[in-house]
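2 protein chains.
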Amino acid sequence: MASRVVRKKAGGGATPQAVLRITDGAAPVLALVGGGQLARMLALAAVPLGVQVVAIERSREVPVAGVSSRLLVGDWNQPKPLLELARGVTAVTLENEFVDADALAELELQQVPLFPGAACMRLVQDKVRQREVLAAAGLPTPRFAGVTDAVALERLGGQWGWPVMLKRRRNGYDGKGNYTVRAAAEVGRAWEVLGAGGAALLAEEFCPFKCELAVMVCRGRDGKMVTYPVVETVQRDHICHIVKAPAAVPQAVARRAAALARRAVEAFGGVGSFGVELFMMADGALVINELAPRVHNSGHYTIEACECSQFENHVRAVLGWPLGSSAMVAPAAVMINLLGAGDGPGQPAGLERALAVPGAHVHLYGKARSAAGRKMGHVTALGANPQQALVRARRAARELVFGAPK
Amino acid sequence: MASRVVRKKAGGGATPQAVLRITDGAAPVLALVGGGQLARMLALAAVPLGVQVVAIERSREVPVAGVSSRLLVGDWNQPKPLLELARGVTAVTLENEFVDADALAELELQQVPLFPGAACMRLVQDKVRQREVLAAAGLPTPRFAGVTDAVALERLGGQWGWPVMLKRRRNGYDGKGNYTVRAAAEVGRAWEVLGAGGAALLAEEFCPFKCELAVMVCRGRDGKMVTYPVVETVQRDHICHIVKAPAAVPQAVARRAAALARRAVEAFGGVGSFGVELFMMADGALVINELAPRVHNSGHYTIEACECSQFENHVRAVLGWPLGSSAMVAPAAVMINLLGAGDGPGQPAGLERALAVPGAHVHLYGKARSAAGRKMGHVTALGANPQQALVRARRAARELVFGAPK
Chain A
1 MASRVVRKKA
11 GGGATPQAVL
21 RITDGAAPVL
31 ALVGGGQLAR
41 MLALAAVPLG
51 VQVVAIERSR
61 EVPVAGVSSR
71 LLVGDWNQPK
81 PLLELARGVT
91 AVTLENEFVD
101 ADALAELELQ
111 QVPLFPGAAC
121 MRLVQDKVRQ
131 REVLAAAGLP
141 TPRFAGVTDA
151 VALERLGGQW
161 GWPVMLKRRR
171 NGYDGKGNYT
181 VRAAAEVGRA
191 WEVLGAGGAA
201 LLAEEFCPFK
211 CELAVMVCRG
221 RDGKMVTYPV
231 VETVQRDHIC
241 HIVKAPAAVP
251 QAVARRAAAL
261 ARRAVEAFGG
271 VGSFGVELFM
281 MADGALVINE
291 LAPRVHNSGH
301 YTIEACECSQ
311 FENHVRAVLG
321 WPLGSSAMVA
331 PAAVMINLLG
341 AGDGPGQPAG
351 LERALAVPGA
361 HVHLYGKARS
371 AAGRKMGHVT
381 ALGANPQQAL
391 VRARRAAREL
401 VFGAPK
Chain B
1001 MASRVVRKKA
1011 GGGATPQAVL
1021 RITDGAAPVL
1031 ALVGGGQLAR
1041 MLALAAVPLG
1051 VQVVAIERSR
1061 EVPVAGVSSR
1071 LLVGDWNQPK
1081 PLLELARGVT
1091 AVTLENEFVD
1101 ADALAELELQ
1111 QVPLFPGAAC
1121 MRLVQDKVRQ
1131 REVLAAAGLP
1141 TPRFAGVTDA
1151 VALERLGGQW
1161 GWPVMLKRRR
1171 NGYDGKGNYT
1181 VRAAAEVGRA
1191 WEVLGAGGAA
1201 LLAEEFCPFK
1211 CELAVMVCRG
1221 RDGKMVTYPV
1231 VETVQRDHIC
1241 HIVKAPAAVP
1251 QAVARRAAAL
1261 ARRAVEAFGG
1271 VGSFGVELFM
1281 MADGALVINE
1291 LAPRVHNSGH
1301 YTIEACECSQ
1311 FENHVRAVLG
1321 WPLGSSAMVA
1331 PAAVMINLLG
1341 AGDGPGQPAG
1351 LERALAVPGA
1361 HVHLYGKARS
1371 AAGRKMGHVT
1381 ALGANPQQAL
1391 VRARRAAREL
1401 VFGAPK
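Protein chains in written order, with this note's numbering: chain A, 1 to 406; chain B, 1001 to 1406.
Hints are supplied without guarantee of correctness; some may be wrong.
[Unchecked claim] Dumping the calculated DMTMM-like pairs for lysine to aspartate or glutamate here, alpha-carbon to alpha-carbon at most 25 Å:
# : chain 1 : residue 1 : chain 2 : residue 2
1 : A       : 224       : B       : 1352
2 : A       : 210       : A       : 232
3 : A       : 80        : A       : 102
4 : A       : 176       : A       : 61
5 : A       : 80        : A       : 126
6 : B       : 1224      : A       : 352
[As the list claims (entries may be wrong)] Chain B is faced by these chain A residues, among others (derived, beta-carbon under 10 Å):
#  : residue
7  : 27
8  : 41
9  : 307
10 : 321
11 : 323
12 : 325
13 : 329
14 : 330
15 : 352
16 : 361
None of these hints come from the bench; they were simulated from the model. Backbone N, C-alpha and C fix where the C-beta goes; we use that ideal spot for every residue, glycine too.
Generate the whole structure from the sequences, applying the supplied hints.
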């Protein structure tokens, strides 16, 4: 299982990142922190490259279970299980942005090659610091401020105008940890909901965007970058619902979005696939909403639609290998998320009908149980044009039902 | 791990194949007999469909190891380990054509859904009976005869003209178990080499073909078939070296090859992906060389080049699901096998250089050791035309060296 890894300290660098060389003939071993669907799809991309995958997750029945050489059951927020995971591996990477940055720093102190690094993760996972880095790099973001009490929030609303977005600085995802404060009268309620337990909060100017865009950027350890097509993301209840690739926006907007995304990932010294979410205003202006330091839901379409997927490129990046092309292999692609309708088993009804839809690719995540709103899988369809891809993806997606009442 | 499967006997059928229905919500479990690269690629195609994969192989460090929920170490030629493998699974399928047909029949007697079935495997795995089935279906094959002594072989050579192909009736692959008998004087030597230990032999007319073609056909449990593009296969030392898709043959030849392949798979009542190898003569005439009752080296290109690969369609077929499209997503594709140059570790030299070749897709099989001539991986490249695909695939393949002397 363990690969033979020779580690050397990076010459003169301030960061403790190790330079490593695999001794002849041992298969590289990639350790994934997290065992959900992103880990599963990373593993499915790593294995064909001859990479052995090990992972850590808090329970055994998780999506990565059937596609990894070893699954360590443990708390990935603690240094000790992380160090156990990292023993003898070629590199460690992350499935989510919530892993404790101090625990990650501990890995680097022990010369474990970790990508993206702890410093990058520390900046990204605090929404205030993330926006500070973006702003310092001259990148457009909504106006924002850390807020420590309801009075400050009310003052900002007065200054910017209502509504104001109130967000937890940490651990928010899919709209969880967000609150749209529509008027001064709602401040108390919003503070109660999000600020409970003394959680640190961020206030942000509300952006009346025309549409949401996203760009996947994969950055290698050598700083070289590959940029995927700019896509449009359609949210439903704050969860990514549909991704349309490429986005139907003017070329100039797509070019600007791609350039902003690249500069954002560079600003964090990111290594691997990063998802950059942007708002497009009615006048075509762009602001960066946020950045995910990992493979991202808006890039799932790349499995079938691009020459080298976000997952394969992430594996290549964190192992220090050359990146593959992000070019699309079809004129259009649409991805639709499959969310649980309610509690139930992880296997959907309607699979055979979905597989009968021409051109639709079904991805099920192998979760043990469905729950309302839980991401259970996705469908991607390619098409000769955006409409054809959308129709195909929709036809297949609506057949697949998880945990629906009888 | 075990799925809940409800089995019912097929109404009135002579074969003991079970009709099965997965009870609500359990993930289907597919059992693979064999754990090599074909099992690995089947597993990589099964997992995204939410299928759990279990496998049996004779040792633990095999290509399927990292991509299966359970690897049973045992002899797949014995009914007992096979029955253990099959316990609670949704269906059993095969990675190779050498599994003892009596052991497989035992599975069916125990109501295990096995695809392809034991009767099909029994006919295919004996080269004489395989050709008898093809001939009985009116399909063109080289002239052939079972031979039990050297005198009979010499007589056939006199009748057909030399050379004559002498082949073991069973367990031959990649040219192993074949002998080209060039003249009557070589009969004794050929008989000594292949007939040792009383192995049953087949004599076959030598076909001076212009090129070798292959067609993958996937046949569902309902008899519906999907036919992949006709490809040209280039052998080196009797091992598949290059596959060019589609084959550069006249449309009429491709149509005839596809029709012959479909009729061949039907003649055996095959279920799943089958590889049909054909010889094309100088005048465009076609004869069927042989049929492999499984996913096949000539179909590896379908992973990137076709909408639904031979592996995904095999999984769909044996689970009784609708088949996906075999349409190519690019004008041309070339696959090149990566063979071991000698003894050594399973990890190649040159991986980073190969990954840097635009448009090349690298597949490593994760074998523990390289040996001369052993299949260690393959490269597929798509292209706007056959020449571009070939150049890309060659550039990447020549970088990857397994077990070469320093």
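Taking 10 Å as the limit, does the beta-carbon of residue 27/A come near enough to a beta-carbon in chain B?
holds, 5 Å
Evaluation of the interface hint that places residue 323/A against chain B, nearest CB under 10 Å:
Holds, about 8 Å.
For a C-alpha distance cap of 25 Å, please report whether residue 1224/B and residue 352/A respect it.
holds, 15 Å
Distance restraint between residue 210/A and residue 232/A, which requires alpha-carbon spacing of 25 Å or less:
holds, 11 Å
Taking the least C-beta to C-beta distance, is residue 361/A closer than 10 Å to chain B?
holds, 8 Å
Hinted contact residue 321/A with chain B - closest CB pair below 10 Å:
holds, 5 Å
Report holds or violated for the interface hint on residue 352/A, using the least CB-CB distance to chain B and a cut-off of 10 Å.
holds, 5 Å
Does residue 126/A lie within 25 Å of residue 80/A when you go C-alpha to C-alpha?
holds, 23 Å
Satisfaction of the residue 41/A interface hint, Cβ to chain B closer than 10 Å:
Residue 41/A check passes; min Cβ-Cβ to chain B is 8 Å, inside 10 Å.
For the restraint on residue 325/A, tell me whether the closest CB of chain B is nearer than 10 Å.
holds, 6 Å
Holds or violated: are the alpha carbons of residue 224/A and residue 1352/B at most 25 Å from each other?
With Cα atoms ~15 Å apart, residue 224/A and residue 1352/B stay inside 25 Å; holds.
Please verify whether residue 80/A and residue 102/A have alpha carbons no more than 25 Å apart.
holds, 12 Å
Hint compliance for this structure: every hint is met.
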